[in-house]
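Chains as they are written, first to last, in my numbering: chain A, 1432 to 1681; chain B, 92 to 143; chain C, 3 to 220.
A few of these clues could be false.
[To be verified] Derived DEER-like restraints, expressed as beta-carbon distance ranges:
hint: 1; chain 1: C; residue 1: ALA83; chain 2: A; residue 2: LEU1643; range: 46 to 54 Å
hint: 2; chain 1: A; residue 1: GLU1586; chain 2: B; residue 2: SER105; range: 38 to 46 Å
hint: 3; chain 1: C; residue 1: LEU106; chain 2: A; residue 2: ALA1580; range: 28 to 36 Å
hint: 4; chain 1: A; residue 1: ASP1483; chain 2: B; residue 2: SER105; range: 16 to 24 Å
hint: 5; chain 1: C; residue 1: ALA190; chain 2: B; residue 2: MET93; range: 49 to 57 Å
hint: 6; chain 1: C; residue 1: VAL185; chain 2: A; residue 2: TYR1611; range: 20 to 28 Å
hint: 7; chain 1: C; residue 1: LEU127; chain 2: A; residue 2: TRP1555; range: 30 to 38 Å
hint: 8; chain 1: B; residue 1: LEU122; chain 2: A; residue 2: ALA1580; range: 46 to 54 Å
hint: 9; chain 1: C; residue 1: MET3; chain 2: A; residue 2: GLU1586; range: 30 to 38 Å
The hints are simulated quantities; they were obtained by calculation from the structure and are not laboratory data.
All of these numbers come straight from a predicted model, not from anything done at the bench.
All C-beta atoms in this analysis are idealised placements derived from N, C-alpha and C, irrespective of residue type, glycine included.
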Amino acid sequence: MTQPAMNSSLWSYANPRKFLATTERLMPFLWTVALICLVTGLVWGFFFTPDDYRQGSTVKIIYLHVPSALMAINAWMMMLVASLIWLVRRHHVSALAARAAGPVGAVMTVIALVTGAIWGQPMWGTWWAWDPRLTSFLILFLFYLGYIALWEAIEDPDTAADLTGVLCLVGSVFALLSRYAVNFWNQGLHQGASLSMDAEENVADVFYLPLLVCIAGFVLLFIALVFYRTGTEIRARRIRALQARERAGA
Amino acid sequence: MMPDLGKYADTVLSAYAASILLLAALVALSLWRGRRLRRDMQDMEQRMRRDG
Amino acid sequence: MIALLLRDLRLAIRAGGGFGLGLAFFLIVTVLVPFAVGPQSALLATIAPGVLWLGALLACLLSLDRLLALDWEDGSLDLLATAPLPLEAVVTIKALAHWITTGLPLVLAAPALGVLLNLPGPGYLWLVISLAAGTPALSVIGTFGAALTVGLKRGGLLLSLLVLPLYVPTLIFGAEVARRGAVGMDTATPLLMLVGISAGALALLPFASAAVLRVNLR
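Start from the sequences, fold in the hints, and give me the full structure.
As C-alpha cells, this is what we get:
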C-alpha cells in the first residue's frame, strides 16, 4: 500500500485514508438523496394520505414511528457487525464506525419512544404505558447509553474499541433476552390487551407506499450520518496521534 | 394546505415537531463537530509540515 | 482455585472488605419503601416480592466495583493473569466469592425483610428460591461489568449504567417467580427461565469477562 512519505509513520493504517477520500466524494450525494427521500416520504404521508378509521389522523405518526424504530434496531445490528469486524480483523474504520453509529441509533430510539408515547396518549389515555414494544425500546436506549458512555470513559482508543466491542456483543444477547422477558412480563399482566399499533396490521397500500419512502429516507440518513461521523472520528484519532507526536518531539 | 387533523391535531403535530427537531439537532451537531475537527486536522497537518 | 476462593473470601470478610455493607443496604432500602409508598399492608404485600428483589439486586450492585478494583490497584490482578490458572477460572472464582459474600447473605436475610413488608405466607419460600436461583446470575453479570470498568477512576457510576440493563431479564423472571409464588400461581416457567439465565451466564460470560480483563491488563 503506497503512502506519501511525509506522514506515513503516523497513518499506521491506510484504510482510514481511503475511507476519508471515498466518503468525501460520496457525502454530498448521500445527504441529498437522504433529504429528498425523507422530505418526499414525510410530505406524502402527512399531506396526501387519508385518516385511519380507528385512529384518526394519528395514523400519520406511523411515518416517523416505524422508520425510527426500525433504524433503532438496525443501528445496533450494524454496531454489532462492525464490532465483530474490529474484534476479528482489527480494521480501525470498523471500530470507529460503530462508535459513530451509537449516538445516531440512540436518537432513533428516542424518536421511536417519543412518537410512540405521543401516539399512545390519545389511544391509551396515558402518556406512557409499559407496552412490551415500547418497554423493549426503553431498555435498548439504556444499552445505547451504556455503550456511548464506555467509549467516552476509556482513554486509549484501541482499548476502548475492544471493550465497547465486547459490550456490544454481550449487550446484544441480553437485549434479545430482555425482549423475550418483557413480552413475558407484560403479557402476564394484561392478557389480551391489544396494544399493538404498528404496521403489523395489514397496512393498506395508500399508507404503505409513503411508509416505504420514509423508511428509505431514514435508512439513507442513517448511512449518511454514519459515514460522515466515522470520518469525523478518524480525524479525531489522527489529531490525537499528531498531538502525541508533537508532545514527544518537543 | 394543512390537512384537517381533527381532534388529534396537537398529537400529530407535536410528534412531527419533536422528531424533526431531534433529527435536525443530530445532523447539526454532527456537522458542527465534523467541520471543527476537519479544520483542526488541517491546521495540525499544516503545522507539522511546516515544522516537521 | 480453592486457594484463590479462600483468599477472596477472607479479604471480603476482613476489615474494609465491606462484608456487611450489602446486607445493611438491603435492610435500609426495605425500611425506606413504606416511607415512600405509605404503610397500607395490602399495598406492601402486593409489592413486597418485587421490592425485595430490587433491593437485593441493588445491594449486589454495590459491592461490584470492589470486586476487581482492589486487586487491580495492588497489582495482584496482573499476577493472576500470568498465573497457570486460566483467567476464565479466575473471574469465575471472583464471581463465586462475590456470591458467597453478598448474594448468599441476601438470600438468607430476605425472609426477615419480607416480614417488614407483609410478604404473604406462601411468598417466603418462593422469594428464597428465586433469589437463590437468580443471585448467581447477578454475580456473574456483575463481574463482567466490573471487568469492563476495572481501570477507571470513577468507574462505579458507569458500572451501574452498564450492569443494570444487563440485569433486566434476571430481575423480570426472578421477581415474577416471587410474585407468582406469593399469590399461589404456577412458577414453573419463570423459574426455568431464571435458572437458564444463571446457568447460561455462568457458562458463557466468564469468557467475555476474561477477554475484557486481558484487554485492560495490556
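A quick look at each hint next to the structure:
At about 53 Å, the beta-carbon gap between C/ALA83 and A/LEU1643 stays in the expected band of 46 to 54 Å. Taken as a hint, the range 38 to 46 Å holds for the pair A/GLU1586 and B/SER105, whose Cβ atoms sit roughly 41 Å apart. For C/LEU106 and A/ALA1580, the Cβ-Cβ distance of about 31 Å falls inside the hinted range of 28 to 36 Å, so the restraint holds. Range check, A/ASP1483 to B/SER105: about 18 Å between beta-carbon atoms, so the 16 to 24 Å window is met.
Between C/ALA190 and B/MET93 the beta carbon distance is about 56 Å. The supplied range of 49 to 57 Å therefore holds. Distance hint check for C/VAL185 and A/TYR1611: the Cβ-Cβ separation is about 23 Å, which falls inside the suggested range of 20 to 28 Å. Checked against the given bound of 30 to 38 Å, the beta carbons of C/LEU127 and A/TRP1555, roughly 37 Å apart, stay inside it. Look at B/LEU122 against A/ALA1580: about 23 Å separates their beta carbons, and that is not inside 46 to 54 Å.
Separated by about 34 Å at the C-beta atoms, C/MET3 and A/GLU1586 satisfy the suggested range of 30 to 38 Å.
Going through the hint list in order, the structure does not satisfy hint 8, though it satisfies all others.
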